[in-house]
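A.B. asks: Take a look at the letters that make up each chain.
2 protein chains.
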Amino acid sequence: MIRKFTFGTPVTTDAVVLSLPAETEPVPFFSVSRSGEQVTLTRKMADEDCLFGLGESVRGINKRGNLYRSWNSDIFNHTESVDSLYASHNFLVFFGPDCLFGIYLDDPGRITWDLGFTRMDTAVITSENGQLDLYLLEESSLTELARAFRRLTGRSYLPPRWAFGYIQSRWGYAGEDEFRAVVEEHRKRGIPLDAVCLDIDYMEDYKNFTWRKDTFPPLDQFTGSMRQEHIRLIPIIDAGILCQEGYPPYDSGKAGNCFCKKEDGSDFTAAVWPGFCVFPDLLREEVRRWFGDLYRPLLEAGVEGFWNDMNEPALFYTPERLEEAFRRAEEIRGSGDYESLWFLKDAFNSLPNNPEDYRSFYQEADGRLMRHDKVHNLYGASMTRAAAEAFRRIVPEKRVLLFSRSSFVGAHRNGGIWTGDNFSWWSHLKLVLQMLPNLNLCGFLFSGCDLGGFGCNTTEDLLARFLQIGVFTPLMRNHSALHTRDQEIFRFSAWEQMKETLRVRYALLPFLYSEFMKAALSDGMYFRPLAFDYPEDRRAVHTEDQLMLGEGCMIAPVLEQNASGRFVYLPEDMLLIRFRSPEDYDLVPLEKGDHYIDLSLREFPLFVKRNHPVLLCPGGEYTEALDDHTFTALYWADRTFSFDLYRDDGQDPDPGLDSHLTRLSLSPDASAGPGSGVAISPLVL
Amino acid sequence: MIRKFTFGTPVTTDAVVLSLPAETEPVPFFSVSRSGEQVTLTRKMADEDCLFGLGESVRGINKRGNLYRSWNSDIFNHTESVDSLYASHNFLVFFGPDCLFGIYLDDPGRITWDLGFTRMDTAVITSENGQLDLYLLEESSLTELARAFRRLTGRSYLPPRWAFGYIQSRWGYAGEDEFRAVVEEHRKRGIPLDAVCLDIDYMEDYKNFTWRKDTFPPLDQFTGSMRQEHIRLIPIIDAGILCQEGYPPYDSGKAGNCFCKKEDGSDFTAAVWPGFCVFPDLLREEVRRWFGDLYRPLLEAGVEGFWNDMNEPALFYTPERLEEAFRRAEEIRGSGDYESLWFLKDAFNSLPNNPEDYRSFYQEADGRLMRHDKVHNLYGASMTRAAAEAFRRIVPEKRVLLFSRSSFVGAHRNGGIWTGDNFSWWSHLKLVLQMLPNLNLCGFLFSGCDLGGFGCNTTEDLLARFLQIGVFTPLMRNHSALHTRDQEIFRFSAWEQMKETLRVRYALLPFLYSEFMKAALSDGMYFRPLAFDYPEDRRAVHTEDQLMLGEGCMIAPVLEQNASGRFVYLPEDMLLIRFRSPEDYDLVPLEKGDHYIDLSLREFPLFVKRNHPVLLCPGGEYTEALDDHTFTALYWADRTFSFDLYRDDGQDPDPGLDSHLTRLSLSPDASAGPGSGVAISPLVL
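Going down the list, the protein sequences come from chains R and W. For the first sequence, position 513 (counting from the first letter as 1) is numbered 555 according to the numbering used here, and the numbering increases by one without interruption. For the second sequence, position 664 (counting from the first letter as 1) is numbered 706 according to the numbering used here, and the numbering increases by one without interruption.
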């Protein structure tokens with residue numbers, strides 16, 4: 043059951059696809075209070091209550107005990123102190139002995155979620171706008187709650203199948219030679235690879251929708267020659283448009299009056315990579331159409347995937363703020379006040395993404411001018427929407443890969459996301475593991491992190507463990523920042539071990555793709571907290587470092603440096619597959635309960651429920667080479683069971699579910715493995 | 043066996059107390075290379091080799107796989123990217139199937155420890171000075187290596203017994219009223235408390251060795267009235283002396299020519315809290331005597347403990363660097379270079395603790411002028427030494443509490459340390475757990491972290507879990523920064539649970555004090571990695587979140603938010619004591635192996651080897667009220683066994699070990715507990 047409560051006159055966000063009548067208060071489960079424009083929802087929690095949701099945010103799977111802010115932010119230092127990341131996903135589920143419901147706040151402004159931070163027993167949720175649709179979801183289970191939320195907000199984005207291949211990326215690949223060298227090194231060593239990202243270096247002076255000519259051949263030639271190597275190119279697109287006459291995107295946007303305005307009616311400008319930029323007013327349909335059409339030349343030149351970046355939107359500084367910082371600095375300098383001098387740096391550190399700047403410009407929404415901060419969290423989603431709408435117009439026959447840094451609920455229908463600029467930290471291994479199930483709950487199934495870590499220097503063992511998580515994430519991209527240590531697999535002494543990890547990904551790819559598509563097409567979740575499958579099992583509910591994957595699997599990666607294994611809790615009997623390569627693995631049937639699993643640096647585990655298979659295909663160095671007719675099924679069975687495998691052409695934008703399923707029947711008689719009922723069974727479909 | 047190899051003409055550091063002849067190269071176990079002034083030691087490592095040591099540093103107990111820099115730094119953001127903290131403890135142990143030895147680099151300059159960071163299989167250690175004594179220690183076990191290092195560097199500092207009591211601290215207690223209110227609130231609620239720290243707010247304008255008169259009574263009155271409440275005051279002392287004529291410490295230091303000099307012979311100045319300061323040249327004995335005598339009025343007014351801070355030394359900025367930052371800012375501003383503008387903030391962010399500033403002044407060492415950076419890591423240790431030498435002169439009859447932020451090996455004889463300005467992060471729970479055994483290995487037994495976290499806002503559950511670790515750390519201080527959430531126990535709804543945690547500390551205090559003193563007086567370790575007790579047990583060697591404590595105990599605190607328990611590896615049979623209060627605990631005998639232990643927020647575990655006791659005294663609200671004649675012994679015995687309890691007057695500076703030991707004989711016959719051989723046995727000594 044989904045109910046809707048409307049506060050004030052909310053702006054249309056495109057988050058919700060279901061039209062529901064608004065009910066009048068009281069809102070069940072909460073007390074509602076108002077203060078100025080703010081609306082606050084308060085609820086007492088029982089000791090045992092858990093909270094799931096909020097998609098992309100730091101800290102645990104269970105969000106309880108902390109404070110979060112919905113305020114899309116370009117924030118580089120994802121420590122535990124960070125309250126906001128690049129996205130706002132305002133869906134939160136309350137789950138406890140006496141409660142099971144979800145709330146969705148359809149509100150693109152700032153929201154504070156005090157989830158037991160100030161008082162352990164109280165959740166206090168405050169909308170600054172105070173103008174919102176509040177949806178209340180009640181279902182019989184966590185899984186059904188997730189499904190209901192998808193019914194409310196629409197089907198999750200479907201990427202092309204090749205996007206499940208391995209993607210190499212780095213800020214700093216500045217010309218054709220470097221791209222070719224990277225691709226060749228992978229091919230030469232047999233390291234699987236499907237795509238390479240083009241970071242801002244491919245543009246002329248970082249200008250969107252330009253193509254650098256001094257170090258690159260024409261784009262169509264480049265995409266064409268790369269396709270012969272079975273490599274796709276994935277260019278970055280930023281949000282800002284350089285304010286420069288004679289630069290076509292600026293001229294056409296200016297002519298169409300497409301940019302966000304300051305109070306005095308002039309275009310709002312702020313510095314980003316190319317210099318002072320203007321920002322498309324993307325809540326307007328005609329602006330989205332204009333902006334989306336800018337992708338057309340790239341599509342026509344053979345580009346099949348994009349990443350949208352800097353779309354919180356990130357602002358380095360405005361001219362006004364910069365002048366103010368200098369003024370402030372001069373004042374402090376003259377004052378001889380040593381503490382002020384100490385805090386002088388704050389005048390400059392507060393330049394980027396300054397809240398005042400977000401209050402200094404306007405967007406048009408529902409035909410009225412709104413101060414940007416009131417709709418701030420929609421910006422990235424609008425950019426994704428502009429691109430996706432263009433793709434549907436321009437290449438309606440196929441799926442285009444799209445993943446964005448910033449997002450809002452609704453964007454999950456139009457693209458995937460990556461989890462932003464993480465670091466080469468071991469704690470960020472755990473962070474992505476804890477984000478993924480909450481992202482899935484909020485509709486974002488196609489996701490992954492920068493494997494190896496974006497900022498600071500990785501180490502060989504950290505990259506190896508990152509890749510072992512990446513084997514299972516739909517988006518599997520190795521990405522790193524300029525001036526950090528080179529992070530391509532082949533740079534490291536144990537590259538052959540990492541290659542085997544990638545080979546497992548490719549052997550599993552048809553199976554993982556099938557699990558993904560079944561989840562996406564049935565409004566399900568690819569990754570889930572254990573609580574969703576075992577809501578009665580208190581241990582499972584509190585497990586923060588293991589995830590359910592697809593219908594019958596569980597992952598439990600190693601998250602610690604120098605570890606020789608890890609503890610795993612099995613909520614039921616499961617088969618452990620300890621992978622070293624697609625050909626070299628252990629099959630260990632394990633009983634429900636606690637286990638310590640030995641896992642050397644080259645080993646990683648996948649757990650499978652009884653009477654459920656994992657399918658390995660013969661593998662290949664790129665997705666098109668994968669054979670999805672020939673498999674080895676691994677399982678632990680005590681009865682004959684069936685399994686539905688999803689296969690399609692990998693690009694139909696609306697493929698349907700049932701027509702692409704093949705039902706396999708598997709039996710314990712096929713057992714050829716080491717233990718009773720454990721089977722390694724060849725299959726030809 | 044300890045061997046010494048001398049490179050160049052090293053400066054005297056006071057780290058080593060043993061005089062050994064220098065041997066000539068080759069140095070066993072390493073290849074040695076030179077480049078310019080640098081000396082580099084290189085060693086191939088086997089896959090199984092572990093590295094212990096480096097005292098205060100981030101990341102794991104096993105230091106392998108990362109890069110560390112010995113360079114004492116006032117650094118506020120202890121993420122995984124940080125290479126240096128406040129201290130340099132240059133002792134490192136190599137432990138593997140085919141190696142067991144330690145190296146100590148007696149070198150107060152910058153050292154880089156690339157411990158498998160660049161290449162997983164290679165350790166590369168580089169001294170920038172290239173002038174050092176290298177000590178090579180070989181013994182038959184890890185424990186003996188630790189003991190040999192203490193033989194080389196001298197006995198660990200002994201604090202007074204009252205310093206094991208609970209200490210409340212906060213930056214921002216600005217007057218008598220606030221102190222009294224804090225103390226009263228503890229006493230009123232029966233929360234044990236022994237001392238309160240005075241942060242910089244107690245001084246006049248942050249000037250060292252002054253006493254603020256507008257909000258405080260005269261110091262001797264204040265210490266006197268607090269002692270009636272059984273509370274000690276622990277003032278902070280910073281390193282810098284305000285450059286101000288008429289301010290007695292400045293005048294006397296100036297008259298004695300006591301301050302560090304720039305190349306032109308003028309005093310080096312840099313801004314710190316009180317304004318532009320000069321810095322005592324503490325490597326000179328006469329300067330230490332002058333500086334140490336500044337503590338005298340405080341001691342005579344009844345102060346019995348100090349914390350030395352800002353002694354890396356921290357520098358906010360020098361006048362020269364500040365001018366340069368403004369010049370740079372103006373240049374960038376004029377350039378219109380947007381990327382430079384983006385990095386403008388770096389001009390100001392690089393003001394504090396700038397490496398150039400540390401190269402711009404000089405200290406006298408061994409009668410010669412040395413550029414400060416060559417002896418940088420000795421500064422904090424010299425300040426501690428100045429204070430400790432003064433205490434021995436002024437109050438030779440008793441132990442004075444002293445703990446410092448910055449340190450170097452050698453300072454472990456003169457004082458304790460706290461682990462610097464941590465954050466209210468769950469990851470910092472684990473960080474202190476992982477630092478403590480390496481601190482012990484390097485000689486620093488009296489240590490602890492800012493419980494609850496210094497920077498950013500704590501939560502109730504985080505403070506509760508911090509206190510549960512704090513129960514076992516010799517220094518147990520709750521400390522927090524100005525502008526963060528109030529962090530005293532009584533601020534929180536579940537304060538009664540935290541009070542019970544403190545009551546367990548006080549019930550255990552005579553036992554923990556005994557374990558500490560036995561370790562300190564026998565050159566042993568109070569906290570140890572499990573590898574030290576179970577070197578043959580690969581699982582124990584790789585355990586990163588449990589510690590051996592004293593002779594027979596092990597701790598395994600909960601380190602995760604919202605956890606309802608944790609996994610524990612028992613390397614042998616142990617008795618679990620699950621504490622809720624001194625009167626309310628479970629005794630659970632557990633077999634060697636893997637266990638999941640349920641631990642609600644109010645519960646914490648202590649594990650005890652078989653035939654070893656834990657002793658609980660009747661408790662009290664301050665250490666002087668503790669009765670160390672009456673105990674309840676908890677143990678799991680299968681035979682009669684003996685245990686030596688250490689008791690002394692808590693203040694004799696040189697108490698000796700044997701004369702203070704009482705041998706207890708305990709027998710399984712006394713069993714009254716729930717399991718076979720598990721005893722709750724009353725004792726009167």
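Worth flagging that the hints you see were computed from the coordinates, not collected in a lab. Watch out, some of these pointers could steer you wrong.
In this list, chains with the same sequence are indistinguishable; a pair is considered to hold if it fits within one copy or across any two.
Calculated lysine to aspartate or glutamate pairs in the EDC-like style (CA-CA distance at most 16 Å, straight line) [what the hints assert, rightly or not]: (1) 387 x 366; (2) 304 x 399; (3) 296 x 575; (4) 255 x 379; (5) 303 x 628; (6) 472 x 122.
A.B. asks: Next, verify each hint and record whether it holds.
C.D. replies: Here is how each hint holds up against the structure:
{"no.": "1", "hint": "387 x 366", "in the structure": "both (13 Å within a copy, 14 Å between copies)"}
{"no.": "2", "hint": "304 x 399", "in the structure": "within (10 Å within a copy, 44 Å between copies)"}
{"no.": "3", "hint": "296 x 575", "in the structure": "neither (53 Å within a copy, 73 Å between copies)"}
{"no.": "4", "hint": "255 x 379", "in the structure": "neither (52 Å within a copy, 22 Å between copies)"}
{"no.": "5", "hint": "303 x 628", "in the structure": "neither (61 Å within a copy, 67 Å between copies)"}
{"no.": "6", "hint": "472 x 122", "in the structure": "both (12 Å within a copy, 13 Å between copies)"}
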